[in-house]
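Numbered per our numbering, the sequence shown spans residues 55 to 439.
Treat the hints as calculated values from the structure; they're not laboratory data. Treat the hints with care, as some may be off.
Using C-beta positions, here's what the derived DEER-type ranges look like [to be verified]:
#1 Arg262 <-> Ala363: 38 to 44 Å
#2 Val414 <-> Gly358: 24 to 30 Å
#3 Asp317 <-> Leu142: 30 to 36 Å
#4 Leu279 <-> Phe98: 45 to 51 Å
#5 Arg71 <-> Ser127: 40 to 46 Å
#6 Leu416 <-> Arg364: 23 to 29 Å
#7 Val352 <-> Gly300: 39 to 45 Å
#8 Arg262 <-> Leu96: 53 to 59 Å
#9 Arg408 <-> Ile89: 43 to 49 Å
#10 Ser127 <-> Pro409: 51 to 57 Å
#11 Asp317 <-> Val103: 21 to 27 Å
#12 Asp99 <-> Asp301: 36 to 42 Å
All residues carry an ideal CB built from backbone N, CA and C; glycine is no exception.
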Amino acid sequence: MFSITRIYEAVLVFLGRFPRRDICTVLGLLFIGRISLWLVSLAFDGSVVENLCKFDCGWYVGIAERGYQASPSSTGQGNWAFFPALPLLMAGLTALTGVDTVVAGIIVANLATMAAALIGMVYIRETRGAAGESAALVFAVLILIGPFSFYFATVYTEALLAASMIAALLAWRRGHSLAGGMAAGFASLTRLTGVVLAIVYAGRLWRRYGLTLPVVLWQRPELALAGLLAPIGFAVFALALYDAVGDAMAFARVQTAFNRSLDNPLIRLWDGLMALDLLVAVRHGNPSQTLSALIGIVGLWLVGTLVVARRFEEAFIGLFCLILPMASSLDSIARYIIGCPVLLFAAADVLARRPWARVVPLLVMGSALNLLLVAGWYRASVQVM
55 MFSITRIYEA VLVFLGRFPR RDICTVLGLL FIGRISLWLV SLAFDGSVVE NLCKFDCGWY
115 VGIAERGYQA SPSSTGQGNW AFFPALPLLM AGLTALTGVD TVVAGIIVAN LATMAAALIG
175 MVYIRETRGA AGESAALVFA VLILIGPFSF YFATVYTEAL LAASMIAALL AWRRGHSLAG
235 GMAAGFASLT RLTGVVLAIV YAGRLWRRYG LTLPVVLWQR PELALAGLLA PIGFAVFALA
295 LYDAVGDAMA FARVQTAFNR SLDNPLIRLW DGLMALDLLV AVRHGNPSQT LSALIGIVGL
355 WLVGTLVVAR RFEEAFIGLF CLILPMASSL DSIARYIIGC PVLLFAAADV LARRPWARVV
415 PLLVMGSALN LLLVAGWYRA SVQVM
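I would like the entire structure built from these sequences, with the hints used as guidance.
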């Protein structure tokens, strides 16, 4: 019979594929990060599990327990805005082990975070040359205890998206087309930004084979199959929505009920800067459009560093991960940056080029900032949602 023991055994098999030093680093940082979240929760009512489940967590729990709703709520909002990968895993884990749905979501998120950190460290070493060792360590710190890293501990999709994106990039780099296609397909089942991997894979094939691509695809059908797998998660979700509500694009149309509407992201960024609402927002506990715009600019700067380093594929992914949410709203832009692994790679690259005497204090301050943000999360402050 399936049990927690089977999950534990699967985790051990997975860990066996990585260097022992990486496993110790990731597990140590993960332990420090999660103990810190628990200690902060002691200052608030409720358990750490209850405190972690804020904002969108309720939507994912609802989908995991009851599926997609047939009609919107009285506010016009519907759970169609949320992709199904995370709630599917939550529902599966709950059915197999009997754990609470929220607990299942936290387990899934943290296992995915561990996977993202380990795979990311391998990917960075293979792509960063001599600087890879330092950058890999900085990346692990950022994703596990860095600023806004608490999102990877909550019932949110950041961890799943990061793990599946990095797995796809590493698999394709090593020539494992089908494995990369499956990971990319899972990313597109996790969040809309995961679809970018299908574009990236198509670009890779074109750069490598050019006009001979049709012939190559005929001779090597596994390459074509990988390309079909990359966006399949999105296609499955669209079909599920069509079956549930008769609208394959319901996830996009319902965004207006969440105060999101399409606009030029650069205009939205400029309007956010010109709002000059930082002090007023802090005083009244409201989200600041100016602060969100500044964070968005940091994200664009990170994309720029990838371009300068001639990592054009990663830069394209990072830009896609930024522009897509910014086109609808500046809200939660920090979450979209932290949840895009290539932007964490870029941040790790920048920090790894500095002397450790300067980097370590910055990382410590970032970890302290994360705890302050966690306190805001536990208070359900809209400034950190």
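Structure-based check of each hint:
The given range of 38 to 44 Å is broken by Arg262 and Ala363, whose C-beta atoms sit roughly 21 Å from each other. For the hinted restraint 24 to 30 Å between Val414 and Gly358, the CB-CB distance of approximately 25 Å keeps it satisfied. Asp317 and Leu142 have their C-beta atoms about 32 Å apart, which keeps the hinted 30 to 36 Å range intact. At about 49 Å, the CB distance of Leu279 to Phe98 agrees with the hint of 45 to 51 Å.
Remark: the range hint 40 to 46 Å for Arg71 to Ser127 is upheld by a beta-carbon distance near 44 Å. For the hinted restraint 23 to 29 Å between Leu416 and Arg364, the CB-CB distance of approximately 25 Å keeps it satisfied. Evaluation of the 39 to 45 Å hint for Val352 and Gly300 yields a pass: the beta carbon distance comes to about 41 Å. At roughly 54 Å, the beta-carbon separation of Arg262 and Leu96 lies within the given 53 to 59 Å, and the hint holds.
With their beta carbons about 28 Å apart, Arg408 and Ile89 fall outside the hinted range of 43 to 49 Å. Taking 51 to 57 Å as the suggested C-beta distance range, the pair Ser127 and Pro409 conforms, at roughly 54 Å. The hinted window of 21 to 27 Å between Asp317 and Val103 is violated, with their beta carbons roughly 37 Å apart. A hinted range of 36 to 42 Å holds for the C-beta pair Asp99 and Asp301, which are about 40 Å apart.
In summary, the structure is inconsistent with hints 1, 9, 11 from the numbered list given earlier, while agreeing with the others.
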